[in-house]
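Number of protein chains: 2
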Amino acid sequence: MNIENKKIDSTKIAELAGVSRSTVSRVLNNHPNVSSKNREKILKIIDEYNYIPNLNAQTLAGKRNSVIGIFIYEPNMSSRTTSMDTAYFMNFTDTVVKEAFLENHQILVDYVKDFDDEKRIEAFFKNGNVSSGIFIGFLRESPFLERMIKSEYRVVVVDYAKNILETAQETLYINTDDYGGTVSIMKKILDKGFKRPLIFLGDLKKLSGFERERAYRDSLKNRDIHIDENLILSSEYCKEKAYKYMLQILEKDIKFDSIFSSSDNMLFGVVKALKEFGVDYEKLEIWGFDNLKYTVPMGFKTVSPMLKETAKKSIKFLVSEFVETRVEYTKTKLIESMLDYFED
Amino acid sequence: MNIENKKIDSTKIAELAGVSRSTVSRVLNNHPNVSSKNREKILKIIDEYNYIPNLNAQTLAGKRNSVIGIFIYEPNMSSRTTSMDTAYFMNFTDTVVKEAFLENHQILVDYVKDFDDEKRIEAFFKNGNVSSGIFIGFLRESPFLERMIKSEYRVVVVDYAKNILETAQETLYINTDDYGGTVSIMKKILDKGFKRPLIFLGDLKKLSGFERERAYRDSLKNRDIHIDENLILSSEYCKEKAYKYMLQILEKDIKFDSIFSSSDNMLFGVVKALKEFGVDYEKLEIWGFDNLKYTVPMGFKTVSPMLKETAKKSIKFLVSEFVETRVEYTKTKLIESMLDYFED
DNA sequence: CTGAAAGCGCTTACAG
DNA sequence: CTGAAAGCGCTTACAG
Numbered sequence: 141m142n143i144e145n146k147k148i149d150s151t152k153i154a155e156l157a158g159v160s161r162s163t164v165s166r167v168l169n170n171h172p173n174v175s176s177k178n179r180e181k182i183l184k185i186i187d188e189y190n191y192i193p194n195l196n197a198q199t200l201a202g203k204r205n206s207v208i209g210i211f212i213y214e215p216n217m218s219s220r221t222t223s224m225d226t227a228y229f230m231n232f233t234d235t236v237v238k239e240a241f242l243e244n245h246q247i248l249v250d251y252v253k254d255f256d257d258e259k260r261i262e263a264f265f266k267n268g269n270v271s272s273g274i275f276i277g278f279l280r281e282s283p284f285l286e287r288m289i290k291s292e293y294r295v296v297v298v299d300y301a302k303n304i305l306e307t308a309q310e311t312l313y314i315n316t317d318d319y320g321g322t323v324s325i326m327k328k329i330l331d332k333g334f335k336r337p338l339i340f341l342g343d344l345k346k347l348s349g350f351e352r353e354r355a356y357r358d359s360l361k362n363r364d365i366h367i368d369e370n371l372i373l374s375s376e377y378c379k380e381k382a383y384k385y386m387l388q389i390l391e392k393d394i395k396f397d398s399i400f401s402s403s404d405n406m407l408f409g410v411v412k413a414l415k416e417f418g419v420d421y422e423k424l425e426i427w428g429f430d431n432l433k434y435t436v437p438m439g440f441k442t443v444s445p446m447l448k449e450t451a452k453k454s455i456k457f458l459v460s461e462f463v464e465t466r467v468e469y470t471k472t473k474l475i476e477s478m479l480d481y482f483e484d
Numbered sequence: 141m142n143i144e145n146k147k148i149d150s151t152k153i154a155e156l157a158g159v160s161r162s163t164v165s166r167v168l169n170n171h172p173n174v175s176s177k178n179r180e181k182i183l184k185i186i187d188e189y190n191y192i193p194n195l196n197a198q199t200l201a202g203k204r205n206s207v208i209g210i211f212i213y214e215p216n217m218s219s220r221t222t223s224m225d226t227a228y229f230m231n232f233t234d235t236v237v238k239e240a241f242l243e244n245h246q247i248l249v250d251y252v253k254d255f256d257d258e259k260r261i262e263a264f265f266k267n268g269n270v271s272s273g274i275f276i277g278f279l280r281e282s283p284f285l286e287r288m289i290k291s292e293y294r295v296v297v298v299d300y301a302k303n304i305l306e307t308a309q310e311t312l313y314i315n316t317d318d319y320g321g322t323v324s325i326m327k328k329i330l331d332k333g334f335k336r337p338l339i340f341l342g343d344l345k346k347l348s349g350f351e352r353e354r355a356y357r358d359s360l361k362n363r364d365i366h367i368d369e370n371l372i373l374s375s376e377y378c379k380e381k382a383y384k385y386m387l388q389i390l391e392k393d394i395k396f397d398s399i400f401s402s403s404d405n406m407l408f409g410v411v412k413a414l415k416e417f418g419v420d421y422e423k424l425e426i427w428g429f430d431n432l433k434y435t436v437p438m439g440f441k442t443v444s445p446m447l448k449e450t451a452k453k454s455i456k457f458l459v460s461e462f463v464e465t466r467v468e469y470t471k472t473k474l475i476e477s478m479l480d481y482f483e484d
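Keeping their order, the protein sequence lines are chains A and B.
End of the first sequence sits at 484 in my numbering; the numbers just go up one at a time, nothing left out.
End of the second sequence sits at 484 in my numbering; the numbers just go up one at a time, nothing left out.
Hints should not be assumed to be uniformly reliable.
Copies of the same chain look alike in the list, so a pair counts if it works inside one copy or between any two.
[As the list claims (entries may be wrong)] In silico lysine-lysine, DSSO-like type, Cα no more than 27 Å apart, as pairs:
| id | residue 1 | residue 2 |
| --- | --- | --- |
| 1 | Lys259 | Lys384 |
| 2 | Lys433 | Lys471 |
| 3 | Lys412 | Lys433 |
| 4 | Lys448 | Lys181 |
| 5 | Lys345 | Lys433 |
| 6 | Lys181 | Lys327 |
| 7 | Lys266 | Lys184 |
| 8 | Lys327 | Lys259 |
| 9 | Lys253 | Lys147 |
| 10 | Lys181 | Lys259 |
| 11 | Lys266 | Lys456 |
| 12 | Lys152 | Lys203 |
| 13 | Lys181 | Lys266 |
| 14 | Lys302 | Lys290 |
| 15 | Lys453 | Lys266 |
| 16 | Lys412 | Lys448 |
| 17 | Lys433 | Lys473 |
| 18 | Lys203 | Lys327 |
| 19 | Lys395 | Lys471 |
| 20 | Lys423 | Lys259 |
| 21 | Lys266 | Lys152 |
The hints are simulated quantities; they were obtained by calculation from the structure and are not laboratory data.
Go ahead and model the full structure; you've got the sequences and the hints to work with.
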């Protein structure tokens, strides 16, 4: 096995096979125009010497590599505090890594918080360090993301709204069915006769926040239930804000009979406030959204986005030969008990 | 902003600044020998044009990049079944990604199951696609890992035993204190007066499996409790095997008064068997190891490896200027209730 | 079907 | 302090 220590490049392979580097390159890249005699000889030597071409050289010379980037918008990343959606994003990343491996691709994980990060990522694409990418967590109207979408690169954008007609290039918009998920929660709440559901809104600059609010309002409207704006809190997926607003509600003694927090993370802030105020929240109808690790074990109900499905579709899109720009939705699943939780 | 569309490379920057590419390269790489006049001029142009050097070209020319690889041994990966330790590994990967970002590094995630994967990864190192790497989940005496350790590359090896004297290069061995963690569980069990703890062993080819068994035996020995080999099952971190062995124990009616499963994953297999046999397991003293998502919510006790600490130490090691080969241990924490669980 | 040559975008001795 | 030149390891027209 000491063969491996010697530096072995395509020139050496060519020498050994008695051909030119061009021919070696041709078999490496599965070009048809190589005599089967030469092809076999070269393949044998490549195998014998465990030769693997230098990816940097290949990329520099214009070949695509097998690395897919996943880029996560996380403006609070540098503060070392656990940021709002981190757990959710990491769940997604996990499944992406697995699906990519099954398609013989690797994943480069990177966060985006400022302009320097954006520049680095654009360079990753431009220079071919990643062949394509998945973007998640971005705010609506992100100039950076718009640039990526309009670029020649193949990308998947998760939970982002965009008029498909404005997207010339190969782009997959894949969204969790936030509207449907919220509607099914609201149905549960309203079917039980509750009429004053408190809602903690997510970031309205994100598609998910926007959709969840819309579903809340529509659900009430459809049953001719008055929408009390006092019950609508804009806490932007932020746990601390949710905590603060919940306290205010309690201090002002605003009446409510149920709670829908449009993210599990905010739910934890809400519950903290309830606890401090001595509210017996275990008897309250409380719903979150996301199915994070702690939600159901703590005794709350939530809805689970089908991350695995989203990941699978994303990878399939990125590794396919031919694709067209399109929009897809993945369903959600209500998680009302530990049984649902374990199944998920 | 249409500047960005034009391809901009170091030659163009040089032209614009009226210097040679050599000088541009020097300021890019912080070489001292550049007149401050030229340096400033070049820096200004670089900024103005949002120029970022091509990473592939830089790497090809011999520069180190800022990508750290994390390589996970997962022989069952291709079968699309959730493998034994996957959840555990992904928890670790998550924290590694975050810590790397804080140090301005990106993470390339890749699995290893066969020789082709090993070859690909060695090429990643050789060609500089990753500047260094973290290896986790490998079996003892892995020839691949031994090669990486003996190579010139800087690596972190998690949960792997190796005589440090045989490791010439910069390597960090970082291990969870499996022995200590198991001892603390055994103390809990034995303090309650149990004398016949059933144990499901992990993969003895892994350091963790080896250490957890050793701690089990030592704990009993230290209290002069007879070690009944019938109570020791080798289920190799495999849920299905644990299930099968537990059934056998029940069928043979072998007496036990408590259970320690040396991974949470196996625990789920054990519990399945208990259920099927109609055993009222909720009253049994049962411990797992790993603190996976479901363990404590299901009502069991476990011990949590401090993944965040391990990740932090790993990244610190890899990004430091100077390091020496060494071995480190990270502590574990007992998780006996939902309170511990939420804190973790 | 094959090879010589140019090119991808950098870095780094070397000579001044 | 600076520039011309060689080199990193590939791929791909081009000419045969």
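What are the numbers of the hints the structure violates, in ascending order? Violated hints (numbers, rising): 1, 4, 6, 8, 18, 19, 20; every other hint is consistent with the structure.
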